Amino acid sequence: MSDTSTAVAVIAQVSKTDPATITPDMELVADLGLDSARALELLVELEDKLGIEINDEDAARLNTVGDILHYLEVR
Amino acid sequence: MGAIDRTWPTSLSEAVRRAARDAPEQGIAVFDGRARNLERRTYADLEELALASARRFHGLGVAPREPVLVALPTSWEWLEAWFGLLMLGAWPVASSGAGAMAAAEAQFDKVERVMAKIGARFVVASETFQRQAVDQGFSFAERGVITTDAQRRAPERSFQGPRDAGDDIAFLQLTSGSTGVPRAVAISHRAAIHNPLASTEAIGAPLGAPADDWADGMVSWLPLYHDMGLIGCLILPLVTGLDTWLLRPQTFLARPALWLHNLGVRGTTFTPAPNFGYQLCVERVPEDQLASLDLSSWQVALTGAEMVRSETSRAFCAKFAACGFSETAFRPCYGLAEATLAVTFDLKGEGVRTRPAPVGADAGFAMSDVVSTGSPVRDTRVRIAAPDLSDRADGEIGEVLISGPGLFSGYYNDAEATAECMHDGWFATGDLGFVHDGELYLTGRTKDLLIVHGHNIMPDEIERLADSVTGGGGLLRSAAFSVARGATGEEAVVVVEVDDNDPQRLSQLGHAIRSKIGRAAGLPLADLVFVRRGRIPRTTSGKMQRGELRQRYVDGRLERA
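For the protein sequence lines, the chains are B and G, in the order given. In the numbering used here, each residue carries its 1-based index in the first sequence increased by 85. In the numbering used here, each residue carries its 1-based index in the second sequence increased by 11.
Don't read these hints as lab results, they were simulated from the structure. Keep in mind the model is a prediction, meaning the values are calculated, not measured. Take the hints with a grain of salt, since some may be wrong.
Claimed, not checked - Here are the computed lysine-lysine pairs in the DSS-like style, where the Cα-Cα straight-line distance is at most 30 Å:
#	chain 1	residue 1	chain 2	residue 2
1	G	Lys554	G	Lys458
2	G	Lys458	G	Lys527
3	G	Lys554	G	Lys527
4	B	Lys134	G	Lys330
5	B	Lys101	B	Lys134
6	G	Lys554	G	Lys128
7	G	Lys330	B	Lys101
8	G	Lys128	G	Lys527
9	B	Lys101	G	Lys527
If we strip away everything but chain G, and leave its shape as in the complex, we get:
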């Protein structure tokens, strides 16, 4: 248990120093790919490693206040790089590295576009990453990759510790916009400290004390390039001096039981995961392993980052009750990268509470009920707005707007995107929902985004892949969106405009498109629909209306070619 100083640190680098001082025995453990071995180091070790890493980055010419991408798997190399950059006063940007069965080419392309957009000179990555990127002719790869080997061998050069605090940027986190390149969400030191501390308060509310008072730690498989993994499972334990145990996402995806096993043997724990993670446990933890799982000390199972589905929590409770999992451990929450992470938490601790799906809830999510995601965390406000930004009445569906100290400082190098969603200090989330009795319920979203397995995917990424397919069928244009048909959550649908209606040529084209998207994005399509030219609706200015297209698809009004 952490005995951290209750006055809040003013910067994240100060939080590292405090954890080293106040929780020197606590720390971070990282499992290898098969979760057979783990490497655990204390926060005191972390501070030392991060400072040495900062001196080497300085020796390599990295300057304070410059963004640097970190594209490594969950590992101590990742932690040394990210915290080294932080201590130097540079801005780490966690980015997805190439994982098993991931498409290397699409990954390099994304890294290149992000670097250009935020003006980054460097990405920290593996030797393999660099070699493959060079082989494939990516221009950033020649001089812009700091390999972990080069970083380890770099000369140390002392640096003036940054005086960063308050409103200064601490790091950037990537999030998907609807088109083009991921956006870099700038998080200030203030927000990075406030949000985790407000969260442990809310997580602990039903138990009468902040989570760090009664918990031993967390066990997470969430990627560190995702806000829930980075803030929820790394920054939160650091700021509160708790132990954290990190599994690679791939380890969990291959064997979900490994996560549950470790949750059971690390003392009193709390941990977040998207709905999909719990669903995967329901579907894929073998019955014969249940007897060996002990989930009785798992106090809080946070569920967020995508629509929370009551059928999943019910099935999870039914399956794992015999392992000592308590129904009331389920705690829905709502958050997003632009709020650092957390916005609302269920504060009652009575398990998943629902209301019947109201008229106007998105039919494309196939929900019979909607889940309470709880009330705003400390100092944070939520309101529901009509398209003209006027307030909606209690119970009426509208866009979710948020404000508070956890709010981001803007999209880095993208004033236009920032201006589009900021309205007098309120951030328009693009999510739809209503408030009832002070609690937020989500019913859909206005933004064009596919959220598959808790991961945000830009429709543009998928459409560009489809559009790049040539061959039979005469593809004109494509549109991508996602729908949910049940507990498994959202799945991808692609609609393609064609001039041809020859079944054989369309079948060829269909296979080529599925193959391209499968190979490059690892995404299977739930449906691929061919329509005649002009059937993908557009505004008068020619902008594609994916929301309207999706509505027609869901309603069965889309005429197939």
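The following block holds chain B by itself, in its conformation from the complex:
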């Protein structure tokens, strides 16, 4: 599985959303309804599943699904 599809799968699982409906412009809090606990769960799940570490400064800038996918591409 590519990083992108893994990330979408993790986002879908944490937000309890159908992966087919997830689009890059979706906001994590406003559209996917993630509260602070869920947002942190997402962060740690992404780190574990992708074997990466996302620092706090970068994490603070991840507002949308697209932000996460872009971050994974350029990191």
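Starting from the structure of chain B, add chain G where the hints point.
What follows is chain G alone, placed relative to chain B:
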């Protein structure tokens, strides 16, 4: 186990010296962000580090009796800063630092407003915090940030140890008012010593001895800028010479099982958490991890800081009974920053005890029953008052008033706010409840405050974000409050007045508002309601009546635009 001197210390700095002397092997352990490593130091180390830190603060020009913000994550940097300021006789003010997925901008804005309100010259923070605050043009950032690096490199300058005691201020703790800037609750040395000692007595009551007699320590994930984290999980173990193990809040939120795992391996423990923390464990600890958890030595699981919900404690007991968690370990309590922390504790130790929700209980909290939060701690009194402050009879709902030695010395630099809630030595809490058989039950609150996940949020913070959204829909004014629909506790609702009722433009506006509040406050909205101009009730003087608005919403009487 601590073997601390039973005569009470007269100041918090004396408590540090005593812990170093009487409990030199006990101390504080701080986990890193993923709870993989921990840094443990003894109280003897703490005293040494704090005194050196105090000399460096003095070298940097920090003076005794001046408030200094500490905006760092839970870490030894935090502990060195907070206790260094304390030993110098300055007043540390723990403030939330920018965490993962937190909105940096809102954080800086809050720090700036708090500093202005309490006349603070400095905030202790990370280099990143300073750089970002400078980049975003915050004026305090140029000269007002003492970075941890600068603090570490500062020249030491000796100082006269403060003779603080009794009624002198020891530190300030921030709490949310209903509008504007957080309030700085001034806590005296007397209160800071009395409240933890009264608490260990009450916590130990069903076992016949103060908690520090039989416990090895505590394991906490609560933020240190919150009274339950600071007083309950740091000052209490320090004053009683117990070990304490501190996880960052983010670590717990991402993986609640890490808290339970550590509770199980640190000997006999007691620990507080808000209802939401227990609920998170119910929902998010994977079934396949239960077998590896041993909760049999977790003697007391205190639950407070927000409405205690019996469905949560029942679900928690059902899920974790197999891990050895005892139903009777649950001990509801009630406290608030203005009382230092603790006001009442369940003293019976029979688990969560409830009564049917009485007529007049807040329907917006969706409770079928109300939980006993127990009886007042030593020297502390609770009474229930009518709006004219006369006493309510047993069982009648009214405002909760408290008095006792744990009471704060006032809101720092805000005599007006202090005068509003102090009545002849009684503090009016803004919480509603009743007393039955000498025990306090909470049923709602009069103050305009959202309590989401144990965190107090000022409605004003959310409304200012909503009001700042421009674009379709013609937003006029907004109001925020919270309601609970079940075990997950309170969630945020925003009501917005508009002149427009074009569905497409309202939908755009709705998305923009949710996005703004999501990005800046990290808060999802349970509901966003558009109403016509003038539908948000106001008093004749134009003051918004959030309580009345919320009641109409809960009753389904709010007409949508």
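Checked hints:
1. G:Lys554 - G:Lys458: holds, 14 Å
2. G:Lys458 - G:Lys527: With a Cα-Cα distance of about 25 Å, the restraint between Lys458 of chain G and Lys527 of chain G holds, given a limit of 30 Å.
3. G:Lys554 - G:Lys527: holds, 25 Å
4. B:Lys134 - G:Lys330: holds, 27 Å
5. B:Lys101 - B:Lys134: Holds, at about 17 Å.
6. G:Lys554 - G:Lys128: Satisfied, since the Cα-Cα distance of roughly 23 Å is no more than 30 Å.
7. G:Lys330 - B:Lys101: Holds - the C-alpha atoms of Lys101 of chain B and Lys330 of chain G are around 22 Å apart, at most 30 Å.
8. G:Lys128 - G:Lys527: holds, 26 Å
9. B:Lys101 - G:Lys527: Since the Cα atoms of Lys101 of chain B and Lys527 of chain G sit roughly 22 Å apart, the hinted pair holds (cutoff 30 Å).
The structure shown violates none of the earlier numbered hints.
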